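Chains as they are written, first to last, in our numbering: chain A, 1 to 156; chain B, 1 to 406.
What the hints contain is simulated information worked out from the structure, not anything from laboratory work.
If you're wondering where the values come from, they're calculated on a predicted model, not measured in any experiment.
Don't take each hint at face value.
[Unchecked claim] The following label-pair restraints were derived from C-beta to C-beta distances:
#1 A:2 / B:182: 49 to 57 angstroms
#2 A:47 / B:80: 48 to 56 angstroms
#3 B:271 / A:56: 35 to 43 angstroms
#4 B:90 / A:47: 53 to 61 angstroms
#5 A:16 / B:182: 56 to 64 angstroms
#6 A:146 / B:182: 26 to 34 angstroms
#7 B:41 / A:11: 33 to 41 angstroms
#8 A:153 / B:254: 52 to 60 angstroms
#9 A:146 / B:114: 24 to 32 angstroms
#10 B:49 / A:141: 45 to 53 angstroms
#11 B:371 / A:133: 31 to 39 angstroms
#12 B:114 / A:5: 48 to 56 angstroms
#13 A:133 / B:179: 33 to 41 angstroms
#14 B:16 / A:11: 20 to 28 angstroms
C-beta atoms are modelled at their ideal positions from N, C-alpha and C, and glycine is treated no differently.
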Amino acid sequence: MLKGEVICLGSDIDTDLVIAGRYLRTKERAVWAAHVFEDLDPTLAPRLSGAVIVAGRNFGCGSSREQAPIALKEAGVVAVISPLFARIFFRNAINVGLPVLEADIPSCSDGDEIRIDLEAGSFELCGTTYPFTPLSPRMREILTAGGLVNYWRGKA
Amino acid sequence: MSRTLTERILHGNAGEYVDARVDRAYVHDGTGVLTLASFREMGVPIGIDPARISVLFDHICPANNGTTADLQRELRQYASSAGVLFSDCGGGICHQIMSEGCILPGEVVVGADSHSCTGGAFGAFATGVGATDMAAIWASGETWFRVPETIGISLEGTLSGGAEAKDVALNVVSRLGMEGATYAALEYTGPGAETIDMEGRLCICNMGVETGAKNALFYADPVCREYLAGYGHHVETQVPEDCSYREECIIDLDDIVPLVALPHRVDSTRPVADLAGTEVDQVLLGTCTNGRYTDLKRFAEMVRGSKVKVRTIVVPASASVLLRATEDGIIADLIAAGCMVVTPGCGPCLGIHSGVLGEGEVCLSTANRNFKNRMGVGGEIYLASPATAAATALTGSITEPEVFHA
Ligand code: SF4
């Protein structure tokens, strides 16, 4: 069971907005975490720890940079919910261990409590339970391990 | 409930996430190096029958400098020690080699290259993945997919005049647009489908990714069965079920005319006739789209006995294509007409060697992509069929194939 507080974002948030190209030269994950969403709203980064991002359609469109989901995860984001993800972002997110859930989003506000049951494929928000497209068993295992590389490293 | 072919192969409905067993997994020299690095980081042994993994060198073959040579040596050594299928420089393009009897109907095939959708021509689910995903597939032989929705493309009639399968591929890309099929599967059906030979189907599926599609496929029919029988495989045919598509379109093959895609967008196509007279500096016949035996044969028949007017580079898609074209005298005809024939592989397609364009130079190519600077900084690429390429090579400017039609 994952839980966190909602932060609402709009539609078509591209990976440049998640982490700007100027921060890609470093390999320091902490740098990405510090500057995540900087060009969207510079006050967001410090508030992301323990947050569940509830975004509009097409989250993660644009460049296929793997640093985008890593930056979110590193900043403490618990999960991202969107009605539709850009597919490369979606795949990268699972592979780096960031839960991404595809669901039609009910109305909610910043700060609402949300509880996510990955196994059941549902989340609970303001007392109501909503379904999301269930993840496959392998996807859940990858998330639990903290990403694809860790998943396999653990099996060595 | 009736399902699309992609849903049948992945055992799921559109939109669902499924775990799938991967029947064939392949990498080339470029992505193979990255896959090996990720795989070593995972620190596990190969977890599937190594015969399901192929490592095929094609992108920079033979190596263009010391760095490439070193990277290739490392991967070559690994491939031999791991016992996977290995094809060295000169063997040909990964997608082509896989199409020479390695992909069977109903299989799940993944390649670490965007044009891995080519293998859908055999009624397989074939798609591209990234290097980390591929490393995990080496480790387990499985991966997860979101089952794509399907766009049904029904083919009617038959191709005529100078039109070829490539023109169908270009037509589909311009109709759907470069993002029109993002994430979807393209499924080709209809009475016209059986009139297209396997090489044509490979060409059409190859360009599926140019619409953003995840995969593209034809049902395995008697044409496919006969082709695979030539490689010693005896397969069942696949019959379409009465399924529902996200979108449907009909293409009448009789209406297809030779097309050319203008720089720098694959979906900006026009009839060749509209561009007639545009001067070019180079013609490229080859790549995973059009470097096959029939492509070389068609081109050779048109240039036989004449001389090309611009530098013309021919890159057979594989060593078997080169061998067959040599035995049939096609290569001799091409050389006599003034063409250069280079090592089977990707050749100049990615702008690294064997025919890089100079600033402002124009190339008419049979490839699948004409992005800015792809074949060299400042170069311009027009995409067309082998027949249009032959007519253009003979005149030095974009020319309709019908002009030279025998
Ligand atoms: S021939 Fe060109 S498009 Fe095809 S795999 Fe090689 S580089 Fe890619």
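Going down the list of hints, with the structure as the test:
1. Remark: the range hint 49 to 57 angstroms for residue 2 (chain A) to residue 182 (chain B) is contradicted by a beta-carbon distance near 29 angstroms.
2. Between residue 47 (chain A) and residue 80 (chain B) the beta carbons are some 53 angstroms apart, a value that agrees with the proposed interval 48 to 56 angstroms.
3. Look at residue 271 (chain B) against residue 56 (chain A): about 41 angstroms separates their beta carbons, and that is inside 35 to 43 angstroms.
4. Distance hint check for residue 90 (chain B) and residue 47 (chain A): the Cβ-Cβ separation is about 57 angstroms, which falls inside the suggested range of 53 to 61 angstroms.
5. Checked against the hint of 56 to 64 angstroms, the pair residue 16 (chain A) and residue 182 (chain B) fails, with Cβ atoms roughly 18 angstroms apart.
6. About 29 angstroms separates the C-beta atoms of residue 146 (chain A) and residue 182 (chain B), a value consistent with the hinted range of 26 to 34 angstroms.
7. The supplied range of 33 to 41 angstroms is met by residue 41 (chain B) and residue 11 (chain A), whose beta-carbon atoms lie about 35 angstroms from each other.
8. The beta-carbon spacing between residue 153 (chain A) and residue 254 (chain B), approximately 57 angstroms, falls within the hinted interval of 52 to 60 angstroms.
9. At about 28 angstroms, the CB distance of residue 146 (chain A) to residue 114 (chain B) agrees with the hint of 24 to 32 angstroms.
10. Between residue 49 (chain B) and residue 141 (chain A) the C-beta distance comes to about 22 angstroms, which lies outside the given range of 45 to 53 angstroms.
11. Range check, residue 371 (chain B) to residue 133 (chain A): about 33 angstroms between beta-carbon atoms, so the 31 to 39 angstroms window is met.
12. A hinted range of 48 to 56 angstroms is violated for the C-beta pair residue 114 (chain B) and residue 5 (chain A), which are about 39 angstroms apart.
13. Range check, residue 133 (chain A) to residue 179 (chain B): about 22 angstroms between beta-carbon atoms, so the 33 to 41 angstroms window is missed.
14. Taking 20 to 28 angstroms as the suggested C-beta distance range, the pair residue 16 (chain B) and residue 11 (chain A) conforms, at roughly 24 angstroms.
Checked against the numbered hints given earlier, the structure breaks hints 1, 5, 10, 12, 13 and satisfies all the rest.
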